[in-house]
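S.K.: Can you build the whole structure from these sequences, using the hints too?
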Amino acid sequence: STGGELVDSVEQPLGLRYYAIDNAKGFFLNGQPYHLHGVNRHQDRLNKGWALSPADEELDVAMLKEIGATVVRCSHYQQSDYFVSLCDQAGILVWAELSQVDRVGADPRFPETSRQQLLDLIRQNINHPSIFAWSLFNEIRPNNPDPHRMLLDQHLLAKAEDPTRPTIAATCTDKLPQMNVIPDWLGWNIYPGWYADWGKLSEFGKTIDDFRYTSREGALCISEYGAGGNVEQHEDNPRQPKNDGQWHPEEYLSIFHEAAWPELKARPFIWGSFVWVMYDFTSFWRKEGGSPGRNTKGLVTGDRQVKKDAFYYYKANWSDEPMVYLTSRRFTERTNAITDVKVYSNQNAVEVLLNGTSLGQKSGATNGVFVWKGVQLKPGQNKVEAHAGKALKDECTWTLK
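The sequence shown begins at 3 in the numbering used here and counts up by one.
It is possible that part of the hints are untrue.
[Said to hold, decoys possible] Cross-link-like lysine-lysine pairs, in silico, DSS-like; alpha carbons within 27 angstroms at most:
1. K67 / K395
2. K267 / K289
3. K208 / K267
4. K403 / K380
5. K202 / K289
6. K50 / K309
Since the hints were made in silico from the structure, they are not lab data.
M.R.: Printed below as a string of structure tokens:
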């Protein structure tokens with residue numbers, strides 16, 4: 003106040019919770035098992051960059067709620083106080099992250115600057131009940147100077163500033179085991195089925211098991227996993243594309259997540275998993291997927307206008323809101339007369355109609371995926387409908403040339 007006149011104020015609602023990790027049973031919130039499944043978030047938006055309005059932040063959190071995410075990782079920097087406040091209100095846990103990525107700078111001022119940023123991150127956000135951990139780094143690789151001493155100092159600083167929260171970090175290498183045991187908890191960024199050096203998609207589960215005991219506490223989370231998908235590129239039964247190639251069909255993005263999520267779900271020792279990434283984002287050096295300067299691993303396009311098929315796969319698995327969704331709806335121009343019809347739904351039974359004729363009802367789908375194999379399209383327009391009960395319906399039109 004100035005002269006008794008109020009000039010500014012801050013409200014910080016109180017939230018009380020406690021949490022822990024069991025190395026075999028995963029994450030516990032307030033003494034009860036609580037499954038952490040969610041996404042990474044880059045905050046930039048197509049044609050706006052970081053100049054986000056409150057409405058932009060609100061829409062992002064609304065989409066997190068719609069998909070059924072229970073946690074979000076703020077990658078790879080401190081994000082707005084308003085965004086975190088919205089997560090407080092929505093009951094979405096937040097992984098707060100220091101902007102320390104890839105390499106430690108050789109400039110002697112780097113450690114002090116990074117230390118100050120960590121202090122700012124903690125002191126500015128300490129009262130947010132949604133924040134459950136302070137992240138020290140993302141994918142720091144072996145380099146000179148050796149980052150070990152600086153990272154250990156930062157871990158100790160975070161524990162002194164806030165003894166109530168663990169430190170955490172995300173890694174992609176086991177070549178610095180002494181670095182990976184600095185934080186209390188460790189996340190692995192893994193990409194089987196996308197980057198060639200990570201192996202095939204069929205090896206996703208094995209990769210998880212290989213890294214189970216690499217953190218100091220023995221607890222494991224998968225902090226990144228994903229693949230590229232351009233909503234303007236489509237293909238029947240696509241194989242794994244080259245990650246740096248120009249062809250990243252949306253259908254492969256769906257196939258990737260249909261294979262990855264069951265492996266994560268089947269391992270209760272994984273305390274959290276984070277899709278890379280919720281929204282497509284700017285990556286100036288990329289020249290891939292028919293979308294230069296963009297990372298297209300998002301479940302939603304960078305302008306927030308298109309929710310990709312994979313978004314609805316996770317909604318079918320994470321959300322209790324009744325839904326039914328026809329996939330490949332943007333694959334409108336067809337050349338193959340025989341195709342599969344795939345539907346995502348969290349309902350027990352789904353019926354598909356083609357041009358008004360029922361293709362039958364299927365029930366008890368695994369992980370929300372219903373498939374009608376070898377469906378015959380007619381030349382010209384084909385109307386496809388999916389029904390779940392009396393109230394839920396989705397439809398799209400494909401044209402066979």
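S.K.: For each hint, tell me whether it holds in the structure or not.
M.R.: Verification of the hints:
1. K67 / K395: holds, 21 angstroms
2. K267 / K289: Since the Cα atoms of K267 and K289 sit roughly 33 angstroms apart, the hinted pair is violated (cutoff 27 angstroms).
3. K208 / K267: At roughly 14 angstroms apart (the allowed maximum being 27 angstroms), K267 and K208 satisfy the hint.
4. K403 / K380: holds, 9 angstroms
5. K202 / K289: Status holds; Cα separation ~23 angstroms.
6. K50 / K309: With Cα atoms ~19 angstroms apart, K50 and K309 stay inside 27 angstroms; holds.
Checked against the numbered hints listed earlier, the structure breaks hint 2 alone; every other hint is satisfied.
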